[in-house]
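Once you've looked at the hints, go ahead and assemble the two chains, each given alone in its own frame, into the complex.
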Amino acid sequence: MTLHPIFAALRKHKAGVVLIALQIALTLAIVCNALFIIGQRIQNVNRPTGLIEDNLFLISQQWVGAPDADKPAGAEQLDAMMKEDLAALRNMPDVSSVTPTNSLPLYTSSRAGSAGINPGNGTYDGLSAGTARVSYFFTDDQALPTLGFKVIAGRFFNPGEVQHYSGREERTASVIVITRGLAEKLFPDKGAVGQVLYLDGASTPSAVIGVVDRLQGAVWAKTFAWNAVVVPARLNSNYSRYAVRTKPGRRDAAMKAVPSVLFGVNPMRVLDDEESVKSFEQIRAHAYQSDLGMAILMGVVCIILIGVTAAGIVGLTSFWVGQRRKQIGVRRALGARKIDILHYFQLENLAIACGGAAIGILLALMLNFWLMRNFGMDRIPVPWVLVGVAAVLLLGQFAVFVPARRASNVPPVAATRTV
Amino acid sequence: MNMLGYYLELAMRSMKRSRGLTVLMVFAIGFGVAASMTTYSVFRAVSGDPIPWKSSRLFVPQIDAWGPSTQRDGDNEPVNALSYIDAMALMRDHRAKLQSAMYIIWSSVVPTRQGGHPFNVSGHAVYSEFFPLVEAPFKYGSAWSADDDRQRSAVAVISSKLNTKLFGGENSVGKTVNVEGRNYRVVGVLDAWNPQPVFYDVQNTGGFSTAADDLFLPFDRAIESGVPNDGNTNCTKPPKDPGFVGLLRSSCVWISYLAQLDDAQAVSAYRGYLENYAHEQQKAGRFNWAPNIRLRDLPAWLESQEVVPSDTKVSLLVAVGLLVVCLVNTSGLLLAKFLRRSGEIGVRRALGASRFAIYAQFLTEAGMIGLSGGVLGLAFTGFGVLGVGMVLPKGIAKLATLDMPLLFLTLALAVFSTLVAGLYPTFRASRVQPAWQLKSN
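Taken in order, these protein sequences are the chains called B and U.
If you count by the working numbering, then the first sequence holds residues 2 to 420, one letter each, in order.
If you count by the working numbering, then the second sequence holds residues 88 to 528, one letter each, in order.
Just to be clear, a hint being listed does not mean it is correct.
Unchecked claim - Only pairs whose alpha carbons sit at most 27 Å apart, straight line, appear in this in silico DSS-like list of lysine-lysine:
(1) K324/U to K72/B
(2) K223/B to K400/U
(3) K257/B to K481/U
(4) K481/U to K252/U
(5) K223/B to K481/U
Stated by the list, open to error - One side of the interface only, derived from the structure: several residues of chain U facing chain B at Cβ under 7 Å:
(6) F118
(7) V197
(8) P329
(9) S397
(10) L479
Keep in mind that the hints were calculated from the coordinates and are not lab data.
The beta carbon of each residue, even a glycine, is placed where N, CA and C say it ideally should be.
Chain U with its partners taken away, still in its complex shape (with noise of 0.2 Å):
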């Protein structure tokens, strides 16, 4: 291929001859990429598995506690969360490999400086499974024991942040932290950990959350001491008692669920297992209506729960048309450009020159667009990406990042695409009669 420099020359040539259209047909290539790019950085964050080497493995049990009278869509589904009894009914029952009710607190810590004011941090209810469940790294420390579960032990896990704050980032473990002016022993600190989106508790944080979780309680301690749930409270009726006891003995849904099986056998035992327990519950009279339950794994699950904002991805689409509409564009001045040197094209195939090297050098000079279009649309991702945070809310825009991938993405995707929009303008070059040029020159 030493013909490859020749074509680089000619390409060269060729761009520099007519500066205008050149430039013109760089910057739509320019634009167009780094809108897609943009919003794909955008979609890439949001859309992306949280925990891709065990979300096939994690499940989110589904159990109708309502009804189909309160069907608002008419699409039969479940509510999205569980009531406290069915919750404790399927951690008593215990029959995943792993599992955890969970629920989301925002819990006043006080500092053990003198001087310093209370602050809120957020945190979840959880049992001790959590922790291998969703594969918490810890720093110091470890979980609570399931023994600490049954006694309700005042035992917490912190996390890093909450360490440094309170503790200076020592090992804290068998130091107290205060939570809502009690006190609880510190078992185990986490390492730096914010799985985005948060996907053990997608209702309750959106999924996308600027504050990571900083302090996690033994689930039926935390509801002994009456610590409030900070995140959704559905219900179908007002609860008969009133306060906390009330809530617990309703119908109302609030505490999410989480439960690990590991193959296909496990998961449609589980899945039958719910079936019985929601007819049992029929049968019991607690239910009127025929079991309806779910069991999706984690990525089924997000996509339910829409966790990827639709906003997001009309964004990627109308990006995708702009792209679209540039290459249009750039294939029409590329038809202009080549159709302008059918003299030359002329000279050469007279000369000998194949059809085939007419594709490779206007090809050449298509893909040299298409690069330069590329490292134009590298800088404008970059600042397109940068400037993501002044029309996202926090909590997505700081997942989307420029990386190396999206680097090489980016000039592929213009290269490509360019080579695309050029190859019927090089058809047309290739198709020049020889002859006709010669004459009508």
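Next comes chain B alone, as it looks inside the complex (with noise of 0.2 Å):
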């Protein structure tokens, strides 16, 4: 068959196959974007933590009237107390193991600062060569049970390495745990076990002496989600934070005795069952929810674009057969068999979608420019579009196909009669 009635036809009804052609191209422009938001947006949430992430728990508890942790006594104090918390959570018979720490991959709260490789001038720099911005994790020894990431090289610490002191102070700890996302960056070409880091801008060294996989930074760390640095020391405020592992299955039960157990160590403290002892599941559903929103949403509009668009095509190819039974007819009157009929159509509708796609293209582009412009976001990339593409003709063809089977049944004899 050739193509030339085919345009011959089309250029009868301008209006309608521009329309068309418009629809296809806008449709094409949206859903290759939202796709690719969604495609971006689900990526990110399926980025694994580094931790075990069932049957985990954190308490995030705050004393009333606690001693000032400015005063060396009023820190001990406050460590006696965190140790008499740990002690009774450990004692919890749905619970294996407890750490302290100030912040958990993906948490709101948390501390962030700088590492160098070089010595520091005493301020905070990560931003020139040979440093990095970082998350910090505050922990103890147990932080391996409890959190289960994986240590790659090196060892984790051990529990006379562990020291405590205010939370508002600065000290150079003398060994650290990194991550593998830091330790690429800093040492690229060496192992980092061994080496020294300089925290925050410090003259004084902090030795790696071990590098764990994978470690998440808090949810605002997005630009550097992959450095941390994992400290042996409990900090001591007016707060503190317990990251718990249960034993498999027991989580929930765990989570409602964790009340009465830390009233019973201390009443005079803020621990509220909704806000202070959140599921890891929780803080991680809390931390993708405007990614994860934003995908539905995305997702229902693609949804309507594509029904809405199918149904166009569908009602303009049924009135433009409505409008040719006769020239149909005098067709198959002709000799031409129902299969070149659907043909006919089927074609005709690939010829506008391609035509629509083309413009779709340019459209999609341009969308995605102006949206890396102004709200950051990435570069499409071509194969996306490509797929776009394909789906939008692929759309056209099943759409087509009713209406298009209806002309091929279309009976020669439609061509005798006169409307």
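Written out as structure tokens, the structure is:
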């Protein structure tokens, strides 16, 4: 079949053709970008934190009328209170291990600073060469069994290395464990274990004794999510946080039992069931709520768009079929088979959709460029656009099938009827 | 316009005749309008002015306490909070009509009744001028006095929610509330007040929070008692001295500031004052860079802090794109529908109907389809607004509501946009040649 008669016929109803092509173009432009946003968000959400996330929860509590951590005696007192809490938690039947920590991956609150391979000048510097911005985790030797990250080089802390001091004090750690992300950034061509780092612009070094595979930073530490430094210390302040790993399947029971256990140790504290005791699952859900929400919203928009465009193609093609009954009849009478008529409409739709897709690619890239400039979105990869093009072409073929089949069923006798 | 009734009847008849097409158009418009209106309701909620009668007179001063070497983005924008030293200097000089430094607190409150566990409340440490500055409404009592500020009195203003929780909602002025183990005398109870965004401290609240502030303490009293800052503390270098005192002496920034300046003259005077202050600091050797200050009014400040999440803007944009596609779709279908009736148009024209009459007839039909789409869109928008709770953070989702203006806007948008979509098809219908149509049939 030659394309010539199709183009000749299209010229007869320019407006309809232009409208369908335009609709396909806009659909392609929006769907491409929306799918790209969905893909990015899902990729974001699916990144592993480095923890074993099941059977893990976090307690965040605050003492009332606590001693002043800025005074040495106060810090000692607070540390004793913390140890009491830890002992009580470790005694719970459902609990397998507990570690004090200032933060967890994806948590809202955390401390960040800088690390460098050369002695610093007392100021934070995570921007110049040989330095990086980092998230800190202040925790003890029990972090390894509790959080479940993997040590890929060197070793983790032993109990004797764990210190304690006021949360407001800047103290240089003698030994630290860092993440692989940070190790690869600062020591690109040698093993990090045995090297030293200078933290927060300090002039005294901290020795790297181990490297963990992954340990994601807090939810807001997006630009340096994989750079973390683990410091063997309990930070003393008027609040404390404990990460708890339970025996398999006992997480919820243990979470329920926590308030009575801790209130039993000391009732003068703020410990609210909903806010203070959170499963890691809840922390993760909270961190990614807006990403998931955006993905769902874009998904809904895509479904509506595709539905509307498909329905539009069905509607307009049906109208054209009705309009051309007589011509179809003539063609059938002159010997065209049913399949020829079917192919005619399918080819016609393909021609329009190709035109629309060509404009659509341009619009998709323009929209992407605009989103990049104004909202910091990434450049859409070409394969995404091509998949989008294939999708709208297929969509057109699916949509056109029903009216085209109806056209192919027009009997040759229609040629002889006037209306 | 006795023809309008006739056109409405014709439109009804036409809509019934090709039910499939009509349903398709109504649904397309319904979906398009609902998607736009749902995302718009969210956008409207987050981009609203929390204090429209006063926002142009509220200003946020910024002073570059870090210098150009710490610039990350290269836009020379000073940090968005003040150090304790600078905030105190501004409070001491007291150059605005009303002003207050503030920091966010998250303090434990011990209930008075026996057996209750302590709980945490969010709040701010502020100066007495904060209350008239933000026009916080009082249910009982009033703000503390400037004298209380100076004497660092142990006084507190609490929200009506906290008042209900602690005192059963009665007038609690004069009673004591135990904060962080210390007693404070209640001097005022606020009426329901929860501005969104929390314009006086968007840096630390992110703009939208589910929990309104429950507790306000005098700033200097809170500092003296070591009530810790619950918000962001940003530093270019670790404080030299340890503890809270070290933080106060450091160049770390963690204090928000709001000032009321009533006219252009006051604004330029204050800007000059800030400039001069930064210059003095440079001369004193504290800053070794040229003065770099900002003084933005509240709307500009909210804009610069990107209080409206970019996801909200992108969603609105995509939804409007969806509406455009739905309109193009409707336009195509209307074209098919109208031109199918070329015969009828030919007859009407031959019997003396003017082009204007054809316009009126077909635009009436488009309008009716738009109205039906609008009604359907209204229902979808209702579901959409209910559904945003599932996809957006709670603090933002609860602000999106379906009210009368949104209702009318939905209908108006549906009708107007369908009329626009119907313009070209109607134009084509009006160009139908009567003679040609009559002959061919």
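Under 7 Å is the threshold here; is the Cβ of F118/U close enough to any Cβ of chain B for the hint to stand? holds, 5 Å
Minimum Cβ distance from P329/U to chain B below 7 Å? Check passed: Cβ of P329/U comes within 5 Å of chain B, closer than 7 Å.
Checking hints one by one. Is S397/U an interface residue toward chain B, by the C-beta closer than 7 Å rule? holds, 4 Å
Hey, K257/B versus K481/U, does the alpha-carbon distance stay inside 27 Å? holds, 24 Å
Satisfaction of hint between K481/U and K223/B, Cα-Cα up to 27 Å: holds, 22 Å
Need the status of pair K324/U, K72/B: alpha-carbon distance at most 27 Å? holds, 22 Å
With the threshold set at 27 Å, check whether the alpha-carbon distance from K481/U to K252/U stays at or below it. Given pair K481/U, K252/U holds - Cα atoms ~23 Å apart, limit 27 Å.
Please verify that hint: L479/U, Cβ, nearest Cβ of chain B, below 7 Å or not. holds, 5 Å
Check the hint pairing K223/B with K400/U against an upper bound of 27 Å on the C-alpha distance. holds, 21 Å
Grab the minimum C-beta distance from V197/U to chain B and call the hint holds if it beats 7 Å, violated otherwise. holds, 6 Å
Of the numbered hints given earlier, the model fails none.
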